[in-house]
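Construct all of the structure, not just a fragment, from the sequences and the given hints.
From first to last, the protein sequence lines stand for chains A and B. Under our numbering, think of the first position of the first sequence as 3, with each following residue one higher. Under our numbering, think of the first position of the second sequence as 197, with each following residue one higher.
Hints are computed from structural coordinates only; laboratory data are not their basis. C-beta: ideal position from N, C-alpha, C; glycine also. Treat each hint with caution, since some may be false.
The list that follows gives simulated cross-link-like pairs (lysine-lysine, BS3-like), each with its CA atoms no further than 30 Å apart [to be verified]: (1) K318(B) to K242(B); (2) K163(A) to K208(A); (3) K249(B) to K262(B); (4) K481(B) to K249(B); (5) K262(B) to K318(B); (6) K459(B) to K163(A); (7) K242(B) to K481(B); (8) K163(A) to K262(B); (9) K208(A) to K242(B); (10) K163(A) to K249(B); (11) K481(B) to K163(A).
Chain B stretches covered by chain A per the calculated footprint, using a threshold of three residues with CB under 8 Å from any CB of chain A [to be verified]: (12) 385 to 395; (13) 464 to 470; (14) 498 to 512.
The chain contents come next:
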Amino acid sequence: MAIERDSTELADESIIVVTGLHYYYLDRYPALNDVSVEIRRGERVALLGANGCGKSTMLKVLGGLLFPSQGTYRAFGHEVTEDSLEDVQMSAGFRSRVGLVFQNSDAQVFSPTVREEIAFGPLQLGLSREDTAGRVEDVTSMLGITDLLDRPPYQLSGGQKKKVAIASVLAMGPEVLLFDEPTAALDPRTQYWLMDLIEQLRDTGKTIVHATHDLDILYRIADRCLVFSEDHRIVAEATPEQTLADRDLLLRVNLIHEHSTLPRPPRVRVVSSEC
Amino acid sequence: MTRAAASAATPARDRLAVPAWLLQHDMAMCPCGCIGKRKKGSYLAKTIQGGSKLLQQVMFGEDVAKARGLMQRVDPRVKLLSLLGLLVVAGLSHSMIMLGAMYAATLALASASALPVGFFVKRVWLFVPAFTGIVVLPAILSVVTPGDIVLTLWHWHGSPQGITQQGLVAAGRVVARVAVSISLVVLLTLTTPWIRLLAALRSLGVPRIFILIIGMAYRYIFLLLTSVTDMYQARQARTPGIVRHDRAARAFVGASVGALLGKANQLSEEVHQAMTARGFRGDVKTLEQQRLHIGDVYYVLAVVIFAAAIMIGDHILGH
Chain A
3 MAIERDSTEL ADESIIVVTG LHYYYLDRYP ALNDVSVEIR RGERVALLGA NGCGKSTMLK
63 VLGGLLFPSQ GTYRAFGHEV TEDSLEDVQM SAGFRSRVGL VFQNSDAQVF SPTVREEIAF
123 GPLQLGLSRE DTAGRVEDVT SMLGITDLLD RPPYQLSGGQ KKKVAIASVL AMGPEVLLFD
183 EPTAALDPRT QYWLMDLIEQ LRDTGKTIVH ATHDLDILYR IADRCLVFSE DHRIVAEATP
243 EQTLADRDLL LRVNLIHEHS TLPRPPRVRV VSSEC
Chain B
197 MTRAAASAAT PARDRLAVPA WLLQHDMAMC PCGCIGKRKK GSYLAKTIQG GSKLLQQVMF
257 GEDVAKARGL MQRVDPRVKL LSLLGLLVVA GLSHSMIMLG AMYAATLALA SASALPVGFF
317 VKRVWLFVPA FTGIVVLPAI LSVVTPGDIV LTLWHWHGSP QGITQQGLVA AGRVVARVAV
377 SISLVVLLTL TTPWIRLLAA LRSLGVPRIF ILIIGMAYRY IFLLLTSVTD MYQARQARTP
437 GIVRHDRAAR AFVGASVGAL LGKANQLSEE VHQAMTARGF RGDVKTLEQQ RLHIGDVYYV
497 LAVVIFAAAI MIGDHILGH
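See the structure below:
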């Protein structure tokens, strides 16, 4: 069952459709409770919620790493199940089109050198060594980490590891990028670098899904927000402006404290036509 | 101040009910500035410090492996194969002169490879007494190796017993062989980056999955070492008094082994997910491709000639 880009798929803009999804850890502890989501091509969606609300689990389901206890998940028109991903072509098609950047970069950067790390994905997908080496060069020069290529991961800082993790996913050329807490534990400069990158990726038509509780970056990284409650349900769906304007909602889902100051929308510079 | 008094002192607004003892500014140090009893660190502290030193040594080793020395220019596969050949030659040599010549050659190579000779010698001779000296010690005695007594230690039914000349020669030979062998291995590992060594093993037929597991174990051992150091430092930061080190250390080791096992398990699950997300289906492919150069051919020729010379010299001296 290969994933092919045909005209029917392009007509249907919803590339990810999740319906009535439940997920339980150890068959007992709920992590997702009747979640339904539809994500359109080229969208930037933020999954918002307090710690332990199920955001990371949701991303892993979307990344085809966890499989729902109930409900269905369809990506690019095909149902994604443990069984369907056993199919070599389906697996290669899905993995090359959906990339997940983990919150813990140490888990994601597992190869002995940065070069091997970035080459890992393309090589697994069957690209030749020459093509893979070309992709490694391209993606490292795009992210400005060429000097790290022959370094072992334990010599890298947290920010550098995050850049390598992103490069390792981008090297596979995915259409959908899933970011788990992208700005967590990053210094301000790396945070801004990452937000700029996300904006540029959006401009290239990539679909981006973030799991975060960092409201300060919301205006820059999302077009639409899905808010998770602490009982693992989606309780709101709105633009960043609408979401941040609903203080009661944010208090109820434990995203802010009553003394929190919410970020303001970015100022839009009005250029006068008169001199 | 009592607990009630402390609670009363805090405003009713949603402030934390801070207990009275937390509000006291106790110095907890002798105000006169006198120095108390000192106690040496336990085996635990030494082990953890040893772990940190290991990390530093590995960092140093990686720097040396990237230096532009003689051995660093040779292809790792060639180095690995020549190492195996020279280990066989060292194992077959009987002459102390030839073994001495081999050791001198390793020192010369270390020096030509930008390795500090003192550090190289220390690294080798740190292992030799520990692993070989104790093992061969009984061999120098007449009860194991009969021969001409050079030092009498006791008498058995009237005949002198002790250290024999033959025993000393045999033990010296074993120690020399081990020293040469360890020198060769240390020379290889210090002049070859870890990743290239793994690639060389792979190209010599070691199964891919085995190489992957070694590579990942090497990668994550540092992460777990950092976790252990963090746990120990967190404990140390909250241990102001004098404690009975060994008992407390045993309790700490027990608790941290459990915690570390849990962390390692969680990490391994995440690593597997990260690999699966990038298309891993059980067969690993790597980018590394190595090509032989003319310098490698010269190196092989030099090693073959040297090994032949050692074998011929050993044969002549043996007779």
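Q | Unmet hints by their number, sorted upward, for this structure | A | Violated: hints 4, 7, 9 and 14.
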